[in-house]
Each structure stands twice: as structure tokens, then as C-alpha cells.
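Taken in sequence, the protein lines are chains Z and E.
Using the numbering used here, the letters of the first sequence map in sequence onto residues 1 to 92.
Using the numbering used here, the letters of the second sequence map in sequence onto residues 1 to 569.
There may be inaccurate statements among the hints.
[Stated by the list, open to error] Cross-link-like lysine-lysine pairs, in silico, DSS-like; alpha carbons within 25 angstroms at most: (1) E/Lys335 - E/Lys361; (2) E/Lys100 - E/Lys483; (3) E/Lys215 - Z/Lys48; (4) E/Lys223 - Z/Lys48; (5) Z/Lys48 - E/Lys241; (6) E/Lys335 - E/Lys366; (7) E/Lys347 - E/Lys361; (8) E/Lys366 - E/Lys340; (9) E/Lys226 - Z/Lys48; (10) E/Lys340 - E/Lys354; (11) Z/Lys80 - E/Lys97; (12) E/Lys114 - E/Lys429; (13) E/Lys114 - E/Lys547; (14) E/Lys366 - E/Lys223; (15) Z/Lys84 - E/Lys97; (16) E/Lys100 - E/Lys114; (17) E/Lys340 - E/Lys323; (18) E/Lys347 - E/Lys328.
[Stated by the list, open to error] Which chain Z residues stay away from chain E? Per the calculated CB distances, all over 10 angstroms, these: (19) Asn5; (20) Asn6; (21) Asn9; (22) Arg20; (23) Ile31; (24) Gln43; (25) Gln46; (26) Ile47.
[Stated by the list, open to error] Some chain E residues close to chain Z (C-beta under 10 angstroms, calculated; not the full set): (27) Ile66; (28) Gln207; (29) Lys272; (30) Asp275; (31) Ala283; (32) Pro295.
Simulated from the structure, these hints should not be mistaken for laboratory data.
Even for Gly, the Cβ is constructed at its ideal location relative to N, Cα and C.
Spelled out, the chains give:
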Amino acid sequence: MESQNNLQNHRQAYWRANIRILTILLSIWFIVSFGCGILFVDQLNQIKLGGFKLGFWMAQQGSIYTFVVLIFVYVQLMNKLDQKFSFNEKND
Amino acid sequence: MDVQTWTYIIVGLSFTLYIGIAIWSKAKSTSEFYVAGGSVSPLANGMATAADWMSAASFISMAGLIAFMGYDGTVYLMGWTGGYVLLALMLAPYLRKFGKFTVPDFIGERYYSKAARIVALLCAIFISFTYVAGQMRGVGVVFSRFLEVDIYWGVLIGMSIVFTYAVLGGMKGITYTQVAQYCVLIFAYMTPAFFISLMLTGNPIPQLGFGGELKEGGYLLDKLDKVVTDLGFTAYTAQTKSTTDIFFITLALMVGTAGLPHVIIRFFTVPKVRDARISAGWALLFIAILYTTAPAVATFARYNIIDTVNEKPYAEMPTWFKKWEETKLISFEDKNRDGKIQFYNDKNEIFKSKAVTNGWKGNELKVDRDIMVLANPEIAGLPNWVIALVAAGGLAAALSTAAGLLLVISTSISHDLMKKTINPNITDKQELIYARIAAGCAIIIAGYFGINPPGFVAQVVAFAFGLAASSFFPAIVLGIFYKRMNKEGAIAGMIAGIVFTAAYIIYFKFISPEANVQANWWFGISPEGIGGIGMLLNFAISIVVSKLTSPPPPEVQELVENIRVPNKD
Numbered sequence: 001m002e003s004q005n006n007l008q009n010h011r012q013a014y015w016r017a018n019i020r021i022l023t024i025l026l027s028i029w030f031i032v033s034f035g036c037g038i039l040f041v042d043q044l045n046q047i048k049l050g051g052f053k054l055g056f057w058m059a060q061q062g063s064i065y066t067f068v069v070l071i072f073v074y075v076q077l078m079n080k081l082d083q084k085f086s087f088n089e090k091n092d
Numbered sequence: 001m002d003v004q005t006w007t008y009i010i011v012g013l014s015f016t017l018y019i020g021i022a023i024w025s026k027a028k029s030t031s032e033f034y035v036a037g038g039s040v041s042p043l044a045n046g047m048a049t050a051a052d053w054m055s056a057a058s059f060i061s062m063a064g065l066i067a068f069m070g071y072d073g074t075v076y077l078m079g080w081t082g083g084y085v086l087l088a089l090m091l092a093p094y095l096r097k098f099g100k101f102t103v104p105d106f107i108g109e110r111y112y113s114k115a116a117r118i119v120a121l122l123c124a125i126f127i128s129f130t131y132v133a134g135q136m137r138g139v140g141v142v143f144s145r146f147l148e149v150d151i152y153w154g155v156l157i158g159m160s161i162v163f164t165y166a167v168l169g170g171m172k173g174i175t176y177t178q179v180a181q182y183c184v185l186i187f188a189y190m191t192p193a194f195f196i197s198l199m200l201t202g203n204p205i206p207q208l209g210f211g212g213e214l215k216e217g218g219y220l221l222d223k224l225d226k227v228v229t230d231l232g233f234t235a236y237t238a239q240t241k242s243t244t245d246i247f248f249i250t251l252a253l254m255v256g257t258a259g260l261p262h263v264i265i266r267f268f269t270v271p272k273v274r275d276a277r278i279s280a281g282w283a284l285l286f287i288a289i290l291y292t293t294a295p296a297v298a299t300f301a302r303y304n305i306i307d308t309v310n311e312k313p314y315a316e317m318p319t320w321f322k323k324w325e326e327t328k329l330i331s332f333e334d335k336n337r338d339g340k341i342q343f344y345n346d347k348n349e350i351f352k353s354k355a356v357t358n359g360w361k362g363n364e365l366k367v368d369r370d371i372m373v374l375a376n377p378e379i380a381g382l383p384n385w386v387i388a389l390v391a392a393g394g395l396a397a398a399l400s401t402a403a404g405l406l407l408v409i410s411t412s413i414s415h416d417l418m419k420k421t422i423n424p425n426i427t428d429k430q431e432l433i434y435a436r437i438a439a440g441c442a443i444i445i446a447g448y449f450g451i452n453p454p455g456f457v458a459q460v461v462a463f464a465f466g467l468a469a470s471s472f473f474p475a476i477v478l479g480i481f482y483k484r485m486n487k488e489g490a491i492a493g494m495i496a497g498i499v500f501t502a503a504y505i506i507y508f509k510f511i512s513p514e515a516n517v518q519a520n521w522w523f524g525i526s527p528e529g530i531g532g533i534g535m536l537l538n539f540a541i542s543i544v545v546s547k548l549t550s551p552p553p554p555e556v557q558e559l560v561e562n563i564r565v566p567n568k569d
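Next up, chain E with everything else stripped away, as it sits in the complex (with noise of 0.2 angstroms):
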């Protein structure tokens, strides 16, 4: 069978299965839709986290681009894992002893204050917006490259999908087809990996692979440093980024994560404080089967296609070659007419009279970060149903992801807004239609932006963690570890804290993009990483503002009290 019956195949079973249990969990009331009434496992609990966490981002492009970015890459590993850790230990387990339906939930009531929950409402409103745009904007990337459908069609297919069990069961609905998705997608990435690990190195396992020794000798890790520095690039191995730089980005990537309102609510999920312990541990142990294994595809990916194209003749390419040729996602330009692929980093000045020498002309060709996970199937001449499986998996990633963020932003509106600030005279029937149309309209504008996408999309995830990591993460931590902490201090700080953080950002990426050189950085610290300082303003600015302001009421140190402790009483 060809490549494209087995996609269709792999994926409307997939398809299936997700709408089956959207009927199968539709949600009765608004603790059904937005918490799942309380009462999914840890483990299931801890998949859901996983596959809401694992965007198409992570699971179509990380691995490509920590091919090209080599050690400089751990700022994705370590920063999107290592969240999980502060989320673990200081926020899940206090926020599901406050037991409340959302982010703008705790905030408003530990701060006892309607500004603040619009404050937290906008952030989480904004924040889930940044990130959905990209997801269905993955969807049809998907549906494009694989079943050659318009990406028109393809995001219109994945919004009724999501549309189906994210308005039918609410949190209820995508908790359990997060759980079907994250099996699609693990197995997705790792069947791939292993094949290709066996066949470059001889061990199946990924993560051993990797530091092992090639078929032909030698060290892989240490053979890939020899062939990139030979054609002008950094040794994969080594830094190129400044120290600061990754410290701050690294920090920015992890606190924005135990930030995010969508990876929080998840642990408002499951039944017990001690639930949520466990139900993280397990979130991050399945996180980290596909964030061990990226590094590791990396690595064979930059190998494997440097070993295939450089020097060789443009005639003798494989199919898969020319079928990604026709995406555009793999480009060559025989600047020299040798009729050879020279693939070397022509910015490098010191090398320039090596490619004189050697009568190159300029690097001929381009590679798109995405190919390396999507093609990499093909590249190992692995069988057809396996390439049907990776876009099975990239669709339940971005699809995941998708409905996770949807719902924060139909909570928001229908909880936040509509019942908390706006008529909290409103029936839970009432407020469980509001909280339907929130989600199908949040999915329209989605789906807008998936098939018309912002030219800056990129660019703002760089603010969806900024602001996670300087609104959020201090307001909560605070909350909860510092019982003095009162109303004045929380909104100071947040305002000062999204302030400071997104002037930054706006400055350098949008207007004057020009000036977003390292020269120009604040203390060498970029963009993306500002969120770091951010978030340490935040904290600063709150604890001053709080010690020269009245202490809160008693009722709200009560709470504090009640939910370090994880009993009832």
C-alpha cells in the first residue's frame, strides 16, 4: 500500500477513536466541563498533562531544530521539562487543595480582588490565543504534506474534530482523547527512533544510541562534530550562544511552563492533594521519553542528511529528496554547476578560503528545521506505514494542544467573566452554555488564524512564555509562600512584571527587529529569555509594594493556612 492509504488509514482511525469518546464523556455540568468533575487517576491524568504539554511544536519541530542548534538546543530540553519540577513541588498540589475551576479563580480569591482576576483573566486569554494559532497552523501542515488536502481543508477537518469533543465534553472529553492521543503520538515518535538508531548505531535504544559508537567506528557524537566543523559550522557539541543568555532562556522556558494556565488547570483534575503530587511525576516521566529521545533523533537527523547530500551529485538523490523538494521544505541551488550538493555554512568568514579553494560557491541548499522529524522516516527508508504514523502523531500533538488551550479560554470567558465578574446570578445550566459557545467561538478564531496565520506567530511564543513566567508564576507562588502577601503587591507586581516583559519583547521583535543583536541586549540577555528578569521584577516589585501596604484579611490568611495543609480541616 502507498504512503497516502496508509495516512488515511492510520488517521481516520485515529479520528474515529477521539469522537467515540467524545460521546462516550460528554459533560452534564460546569464541574464536569471544566475540572472533569474531579475525579480522573493520576496516571490518565498524568498522559493528559503529557499530550496537552507536547504540542505540534515539540513533535514536529524540536528535534529539527536542535539538529541545527546542537548543545544550544538544551534550552528547549531542559526548559520545558524542568518546569515540571517547580510545578510539582510549589504549585499543583497547594492549587488543587484550593480546589477552584481556574488560574483567574485562585488569583482573584487569594487577592480578593475582582482586578486582579481581569488582570489574570487577559494574561490567560492572551497567552492560550498566542499558542492555539500555532497548533492549528500545525494541523494543516500536516494534512497538507501527508494527504495532499489543502491547508484550507485540513484545519477545517481538525476545528470540527476538536469542536466535537472539546463543546460536547469539555474537560471531561479532551482529558480522555488526550489520553488516546498521547499513545498515538509516543508510539508516533518512537518507532522512527529506534529504527534509525539501530540501523546508524547498532542499539535500538535512542537515548544509548546516541553516545554510541557508529557502525563504520568511531564515536557518533564525536564523528558529527568532525563532519560539521569540516564544512564550516560550530561542533554540535559546543555553545554559541553566551552563558547568560541560555541561563536566562532556560529559566524563562521553565518558569513560563509551571506558568501556563493550561498546564496548571490540569491538576485541578484528579481527586486528592497527594494526586496531584504523583499525577506530575507521572506527567513529567512520559514528557521525558519524548524529550530524551528528541536530542538523540537530532543528532541521527544532522548526521544522516549531511552523509546523504554533501558532495553528491543532485542526480543520485533518493525519492524523498524530490517529494520534499516539491514542499519547498528542502531547496537546492547549484551556484558552482558542479551538478554537486554543497551544503556548508557560507557565513563563516574563516572559512571562506577553504570554499575558494575547494571552488564553492555559496551553500546550495536549504533545509527547512520541520523535515527532520516529518521526512525522517523516509530519509532511514523506513516502511510506508510508519511515515502514515508520524503524521498520525503530529496530528494528536497539535490536536492535544489545541483543545487544552481552548478550554482556558472558553473557562475564562464563561467562569471568569461571564459568572464571576460580569452576573454571578447565573445558573450553572446558564453558565454551562456560555461556557459551550466560549469554546466553538474561541475554535472559529483559531481556525482563522491556523489557515490565515499572523506573520509574527513565531515571534509571540517567545510572549506566551514571557508573560506566563512574569504574571503568573510569581503571583502564584507568592500566594501560596507568603502569607503577607496582599492585593496591592500581586497587581503591582503582575502589571510591572507583563510590562517590563512585553516592552522588551515589542521592542526587539517588532519594532526594530533590526536591533535584536546581542550588542544591544540588556545584560546579553535576549528576548526570549527577558521573561527571567521578568519574572524576578515581579517578585521584587510585589514583596516591596506588599511590606508598605496593609497585611490582607484574615479570612484570606485563613486560606493561605488551609491550603499548605492537605487535609480537609
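Chain Z with its partners taken away, still in its complex shape (with noise of 0.2 angstroms):
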């Protein structure tokens, strides 16, 4: 019973930990591209990046990127993660 309680309060600190993670993810992707791609792409397009109108370049260029960072950093984040729980699988 004991050990039990003990997995349950293991799995949900892992998970309040993933979800955290996510959160901060998933803030940046929303401010990338629904915030600098489409909301304030007009403020942003005063401000030039070469040839670019920034806010442009962000809805068309930076935000691609920035969502391919994104997933690579979640994994990273993940994987060491669950080595700190344990919850690393196991070569099978």
C-alpha cells in the first residue's frame, strides 16, 4: 500500500513537472506566431531585418523555425526529465 501511494506521488510529480514544460513550450509558440506572425505584425514591421519587414519575416520565416527549436528543446527537456524519475525506457 505503501509503495503504491509512493508511485502515485512519483507519477504526479513527474507529471506536474511535464506539465510545466509544456506551459513554457507552449507559451513561446503562441507569442512566436499568433503574437509576432498575426497580432503585432503592423509594430513589428517598423522595425527592418535586412530586407525584411521583421513581422513579416516572423509570420513567414522565424516562426517555422522557432516551432522546429521548440520540439527539439521539449525533447531534451524530456529526456532528462525522465531520467530523473527513472521513467527512462529501457533498451528492450
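With the hints as a guide, bring the two chains together.
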């Protein structure tokens, strides 16, 4: 019974940590795509990045690069988290 | 060698490769047929997912659409990539841990309900058929334009290729052909893009060239903004749709992407949860290569076409112009009989007086959006083998997506309908036979729609994304992240989401298309974006209904606990 409870708590702590990672990464996802690329595109377009207006560049290039980076960061963070909680899968 | 010979050689070689892979990877069990035995490496799955995802529309049509939409084309660029972040963070790892074969499998077991499974399986079949008809059409179009074969034969050849590797190899055959198809399509997309970027801006990397300076001076985008506004169009980098509409279309496409069954099932094919995570990263990286090139290609193409045709004498048009005129993708009508081509926005009221002063009597050139990718190598004067490569790339994109969709249809029928709903006693062998028959029938139906396309194919694409966004996505996300979620809530939510979204789209697209203008839209959201609202509605109703009814049984709660952690116990 005791170990059952321990497992429960252990899983819950893991899940909370997971949700924290998701919240942070998805906030960045939202700010970069919907924020910079759509809602604040006009303001950002006042800034020039070489031949690009910044808002336009965020919408058609920057957001996509950020998406790729976000997933790889997520993979790193989750692999570390799995290790910390000894939830890493065995190589079977 | 001429273009046609090159095309026969390159397309023939690529088809031989696909058939070879099919023979090598014959599926022997349902597990191999449905999920390639769950043994695909994350990198290979990433490539396969990218090919699965990038359809004839991404390859052939997207850059052309963006070329004419300018900034507004952002909805496709962000909408069709951003969903992968949701997929990677909120769906793929947990569904991999769940470890079954199909999306209706998850819905049926998580919501302990045959009714939920059937709703899900009908949605999966509908979404996939909608999509696959367009792919077969794409195959026919490429064949008829590059090889001058009748569309009918083009579709038939495409069908028999897909038939061979999908029916024989199932997911296993499809996966490894998709890996090969990704390589073909990305090489075919990038080669002309490099050349054109180099010729126009002196920088071979299209992602940089697009923000670079023109050879004759000045930034390309600034010049393009000026050139198009001088012709009465909206500036290329400026917005024409309302911000609300852009927001919701992007949202619906993102969430719809994450909810598309043929994309989700790709993550059942890797061995472990951590593989599912990294595999989503590879997939998006491979997709991003094309998706960050497309807006550059769009800019180059818009600039090139105006530069080549506008105010130039028709008699001096290059050979590609005449060639594509025959296919009716481009057509010229000399309205003011001055022998020159006027290509401008004659719908712009303010611009009318200028047109009169110039002696222009209306826009004289009609350009099909698809020409922007298909004719790009010719417009840029690239060698014949590059043109042939584009044909092979378009075919790879269409065939790979078609195969993924056909697999969803076949597993929905053999697994979710035959095995799980009608007769649970059938053996693995029998189920495999059903799967092959279902795949075969689905190909024939898809081929029929490819040859006789229903007039509404373009309209129903909004449907596919709207439905995926308003049905699957909330049901799966709540199934993982909200333990209290029960079957009453999920079914009520899915039905509400689908009915709302479908009604809105059917009303504006089919019942009264003439009313399909911004003034009539709810909150200014077009039918393309309504899936975003449908999704929110689904979430709200699911949660409310679930709170008012009894919690799910303990074994289902245990299932949720279990899929939340990656290890076995």
C-alpha cells in the first residue's frame, strides 16, 4: 500500500513537471506565431531585418524555425526529466 | 535530350525504386500492416511523416497561392507547420505509449464506448477520402502536363503504383517508400529554388535570397511591393484579410494538422515514447526545409512573372509561355488590341482612372496558381533535367500522401469496424485479408474521384481540417490531460464540434455561396477558420457535460495514469 502511494506521488510529481515544461514551451509557441506573426505584425513591421520587415519575416520564416527549435528543446528537457524520475525506457 | 525523354527516365527510375521497396517490405502480420511492426527508426519516421504530410497541394500549389496572397499566405505556412508543436508536445508521446493501431482505437478505449469509436472512424474515413481525391487528381495533372498522357491513364498508373506498395506492404511498405519519396521531392523542390535565388539575388540560399538585394539594386521585397502596388494590387508584404480571420484560419489549420489521423498514426510506428518525441522534431525539420523555401519561391515567382510579361509584346513571349498556354494554365486576351500584355488588378476602383489614362481595358492575363511551381524551372531557363525532376517530385508528393491516407481508410475498416465492432473473433490472418481488400477498394474509389473530380474538391479541404480540428483534437487532448473526462462528455463534445463546423461550412460553401462574404461571417471568421471555433466549442461542451455526469471507471483512470509516463510499469 505504502509503495503504491509512493508510486502515485512519484507519477504526479513527474506529471506536474511535464505540465510546467509544456506551459512554458507552448507560451513561446503562441507568442512567436500568433503574437509576432499575426497580432503584432504591423508594429514589428516597423523594424527592418536586412530586406525583410520583421513582422513579415516572423510570419513566413521565423515562426517556423522557432517551431523546430521548440520540439528539439522539448525532447532534451523530457529526456532529462525521464532520467531524473527514472522513467527512462529500457533498451529492450 | 528533350524534357519528355528526361521525364520518362526520371519518373521511371523513381517508380522502379518504389516498386522495389514494396517487394522488399511485404507485411506478414496485422502489426506490420498497421504500424510497420512498431520498429521504424525515429529519423526514418521523420522523413516518412514529412512525405506523408506534404501533399500535391504543398508541392505544386502552395508557393503559387502564396505568390498571389503575399503576407496572407502566412496562414498556410504557420498553419501547416505549427501543428507539429502541438502534436509533439501534446499527442504523439502519449499515443505512442497507448500503443495501439489507430486513432479510433484510442477514442474507443479511452472513452470505453463503441459509439465513440464509430463516430471517430466515420470522421477518419471522411477526412481521408476528402484528401485522397485531391492527391489522385494531382497525379493525373502531373502526368498529363509533363508526359502528355491522358489524365485517365495518369491516374490509372498512379493507382497501380500505390496499389502495389500499399496493398502488399501496408504501413511497412508505405513507410520505406515515403522515405524515398521525401528524398525525391525535396531534391526536386530545392534544385530550381537554388538556381532561381542565385540568378535573381546572387545568393543561392532561397531563405536568404528572398530578403536580399536584387542584382539591379534594391531589396527584392521592397521592389516587389512597389511593382505590385503600381499595378493596383495590395503590397506583397501587406495584409488584406482581417486579423481575426488570419488568426482563426491559422489556428484551425494548426489544430487540424495535429488531429489528422494519417499523421497521428505515423507515431505508432516507432519503438519507444522518446522516439515518438524526437521523431516529431525530425518530421518538422524536414517539413520546414520545404516550408521556409516556399515563401521565397513565391516571391521570386511573382517578381519574375510580372517582370517577364507586363507591358511586353505578346509576340516576344518566351517558349514556356506558349507551351503553358496550350495547357490553359495561362491565357492572354488582348482587350485593348495593343499587342502588349497588361497584367494588373482591374478590380481596384481607385486604380481605374490610371488604367484609363494608360489605355488599358482590363486585365489581359489569367494565370493559374499552379504554374508558379510547375513552370518555374522553365521561366528561369533551367536545364531540361530540372524540369523533369519537378514532375517526379510532384508525383512523389502526391503518391506518398495518398498511400498514408489509404492506410487510414483500410485500417479503419478492417480493424475498427470488422475486428473491434462487428466480429471480434476473426483471426489475425483474416483481419489482414480484410485490410488488403479495404485498401484495394479505397484505391479504386480514390482513383474514380481522381478521374471524375467532384466540383467541390477545393471546398472540402476546409472541411477536412475543420473536422479534424473540431472532433479529434479536443477528444484526444482531453483524453490525456483531463482524467475526469468521460464518455458522455467526449461524445457530446465531438458531435457538437462536428455539427457546428460542418453546418457553418456547408451553409457558406454549398447552400448559399453568394453569402460567403465577410459581412455575413460570425465574428468575421471565414469557413476556412471556423474549425478553430468548433474546437473551442468541443472543449467547452466536453468539460461541462463531463462534470455533470459520472466519472470514468477506475480502469480507464488507470489507463490515463499509465499513458502519462513513458516507462512500462
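Now the hints, each set against the structure:
Note on E/Lys335 and E/Lys361: the hinted pairing holds, with a Cα-Cα distance of about 6 angstroms set against a maximum of 25 angstroms. In summary, the hint linking E/Lys100 to E/Lys483 is supported, as the alpha carbons are separated by about 19 angstroms, within the 25 angstroms threshold. The suggested pairing of E/Lys215 with Z/Lys48 holds, with an alpha-carbon distance near 20 angstroms, which does not exceed 25 angstroms. Annotation: proposed proximity of E/Lys223 to Z/Lys48 holds, straight-line Cα distance about 15 angstroms (limit 25 angstroms).
Distance hint between Z/Lys48 and E/Lys241 is fulfilled; the C-alpha atoms sit about 23 angstroms from each other, no more than 25 angstroms. With a C-alpha separation of about 13 angstroms, the suggested pair E/Lys335 and E/Lys366 falls inside the 25 angstroms cut-off, and the hint holds. Proximity of E/Lys347 to E/Lys361 is assessed by CA-CA distance (about 12 angstroms); at most 25 angstroms being required, the pair is judged to hold. Between E/Lys366 and E/Lys340 the alpha-carbon distance is near 14 angstroms, which keeps this suggested pair within the 25 angstroms criterion.
With a C-alpha separation of about 17 angstroms, the suggested pairing of E/Lys226 with Z/Lys48 holds against the 25 angstroms cut-off. With a C-alpha separation of about 17 angstroms, the suggested pair E/Lys340 and E/Lys354 falls inside the 25 angstroms cut-off, and the hint holds. Of the pairs offered as hints, the one joining Z/Lys80 and E/Lys97 holds, with about 18 angstroms between alpha carbons and a cut-off of 25 angstroms not exceeded. A distance of roughly 23 angstroms separates the Cα atoms of E/Lys114 and E/Lys429; the hinted pair therefore holds under the 25 angstroms criterion.
Our distance criterion of 25 angstroms between C-alpha atoms is met by E/Lys114 and E/Lys547, whose separation comes to about 21 angstroms. Of the supplied pair hints, the one linking E/Lys366 and E/Lys223 holds, its CA atoms being roughly 23 angstroms apart against a limit of 25 angstroms. Taken as a hint, the Z/Lys84 and E/Lys97 pair is honoured in the structure, with Cα atoms around 19 angstroms apart against an allowance of 25 angstroms. At roughly 16 angstroms between alpha-carbon atoms, E/Lys100 and E/Lys114 fall within 25 angstroms of each other, so this suggested pair holds.
Restraint check: the Cα-Cα separation between E/Lys340 and E/Lys323 comes to about 18 angstroms, which is no more than 25 angstroms; the hinted pair holds. Proposed proximity of E/Lys347 and E/Lys328 is supported: the alpha carbons are some 22 angstroms apart, at most 25 angstroms. At roughly 13 angstroms, the least C-beta separation between Z/Asn5 and chain E is larger than 10 angstroms, which holds for a residue marked as non-interface. Its beta-carbon lying about 13 angstroms from the closest one in chain E, Z/Asn6 satisfies the requirement of being farther than 10 angstroms from that chain.
No beta-carbon of chain E is positioned within 10 angstroms of the beta-carbon of Z/Asn9; the least distance is around 12 angstroms. Under the 10 angstroms C-beta cut-off, the non-interface status given to Z/Arg20 relative to chain E holds; the minimum distance is some 12 angstroms. Listed as outside the interface, Z/Ile31 is consistent with that label: its C-beta sits roughly 12 angstroms from the nearest C-beta of chain E, beyond the 10 angstroms cut-off. The non-interface label for Z/Gln43 is consistent with chain E: the shortest C-beta to C-beta separation is roughly 12 angstroms, beyond 10 angstroms.
The claim that Z/Gln46 lies off the interface holds: its Cβ sits roughly 12 angstroms from the closest Cβ of chain E, which is beyond the 10 angstroms cut-off. Its beta-carbon lying about 13 angstroms from the closest one in chain E, Z/Ile47 satisfies the requirement of being farther than 10 angstroms from that chain. A cut of 10 angstroms between beta carbons decides the hint on E/Ile66: the least distance to chain Z is about 8 angstroms, and the hint holds. Annotation: interface hint on E/Gln207 holds; nearest CB of chain Z at approximately 6 angstroms, less than 10 angstroms.
This hint holds: E/Lys272 has a C-beta 5 angstroms from the nearest C-beta of chain Z, less than the 10 angstroms allowed. A hinted interface residue such as E/Asp275 counts as satisfied when its beta carbon comes closer than 10 angstroms to some beta carbon of chain Z; here the least separation is about 9 angstroms, so the hint holds. At about 9 angstroms, the closest approach between the beta carbon of E/Ala283 and any beta carbon in chain Z falls short of 10 angstroms, and the interface hint on this residue holds. At a threshold of 10 angstroms, the smallest CB-CB gap from E/Pro295 to chain Z is about 4 angstroms, leaving the interface hint in force.
Every hint, counting from the list given before, is met by this structure.
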